[in-house]
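Novice: Same order as they appear, the protein sequences are chains Z and V. Take the first sequence: its position 27, counted from the start at 1, is 121 in this note's numbering, and no numbers get skipped. Take the second sequence: its position 97, counted from the start at 1, is 440 in this note's numbering, and no numbers get skipped.
There could be a bad hint or two in this list.
Stated by the list, open to error - Partial chain Z-side listing against chain V, Cβ under 7 angstroms, derived:
| id | residue |
| --- | --- |
| 1 | G137 |
| 2 | P138 |
| 3 | F140 |
| 4 | G198 |
Hints are computed from structural coordinates only; laboratory data are not their basis. For each residue, glycine too, the CB sits at the ideal point set by N, CA and C.
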Amino acid sequence: DQQVKQNSPSLSVQEGRISILNCDYTNSMFDYFLWYKKYPAEGPTFLISISSIKDKNEDGRFTVFLNKSAKHLSLHIVPSQPGDSAVYFCAAANTGNQFYFGTGTSLTVIP
Amino acid sequence: GAGVSQSPSNKVTEKGKDVELRCDPISGHTALYWYRQSLGQGLEFLIYFQGNSAPDKSGLPSDRFSAERTGGSVSTLTIQRTQQEDSAVYLCASSQRAGGLGELFFGEGSRLTVL
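In isolation and in its complexed conformation, chain Z is listed as follows:
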C-alpha cells in the first residue's frame, strides 16, 4: 500500500524553464515532508523539507508547496539547469516514525 505516490515517472523541461514535480500522500498523520535528489550510483541527497505547519518553503531555486487539504506537495525548480537532471523522491513522515518514499520522478533538463 503506497502511502506516498509520485504519479509521473519522468519529466522533461527546457533549460531556464520551471520544473514542477508532484507528490500525493494518503496518511493525514504525516507532518513532515522532504524532497531528495538522486544521481545514478549515488545515494539520495536531501534537497528541501517542509513541516505541516507551513504551506511553502523556499531555498534558492527550489520551492516546496504543501496543500494539506489535498494531501499534495510539489517541488518547483526555477530556473531549471542541466545539472538538475536526476531522480527526485518525495518522502513523508509522522514525527518519531519512519519515512515513506515515493517511487521517484526522473527529471531531464534539456540544454
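Could you slot chain V onto chain Z? The hints should help.
Specialist: Relative to the frame of chain Z, chain V by itself:
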C-alpha cells in the same frame, strides 16, 4: 568519516547463499534506516532503529531478512538463502532524530546481485 558509509559497494552472490551488508552511520545519529531500491522501483522501507527502542521491522519482506545494530552505531543487514528477487541496491540512512524535523543522510548503497 563524515558521512554514512556502506560496505560492500557491490556484491555478487549465488542463489541460496547468505549475505551481510554493513552500515556505519554518522556519529551521534540515533536513528538508522535500511531501504532498498529494486530496478525501476522507488525506495522500499525495510527496517528502522531508534536509540535503544525495539526496531520497527514492519518492512522486512520475509523472515530471510534480519538486521541488528550493535552499540547503537554500526548496523548489519543479513539476507539468508538469497533469491534472485533480492537483487537491489540496499541503502542505509541515519538521522539525528526519528521521523519529523530530522533529515535522512544516505550512504551510497550496496548493490546486491543474486545470480
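Novice: Each hint needs a verdict: does it hold in this structure or not?
Specialist: Hints, verified against the model:
1. The beta carbon of G137 of chain Z comes within 3 angstroms of a beta carbon in chain V, closer than 7 angstroms, and the hint placing it at the interface holds.
2. With its C-beta approaching chain V no nearer than about 5 angstroms, P138 of chain Z sits inside the 7 angstroms limit, and its interface hint holds.
3. With a least beta-carbon distance of about 5 angstroms to chain V, the hint placing F140 of chain Z at the interface is held under the 7 angstroms criterion.
4. For G198 of chain Z, the interface hint holds, since its Cβ comes within 7 angstroms of a Cβ in chain V; the closest pair sits about 5 angstroms apart.
Consistency note: the structure conflicts with none of the earlier hints.
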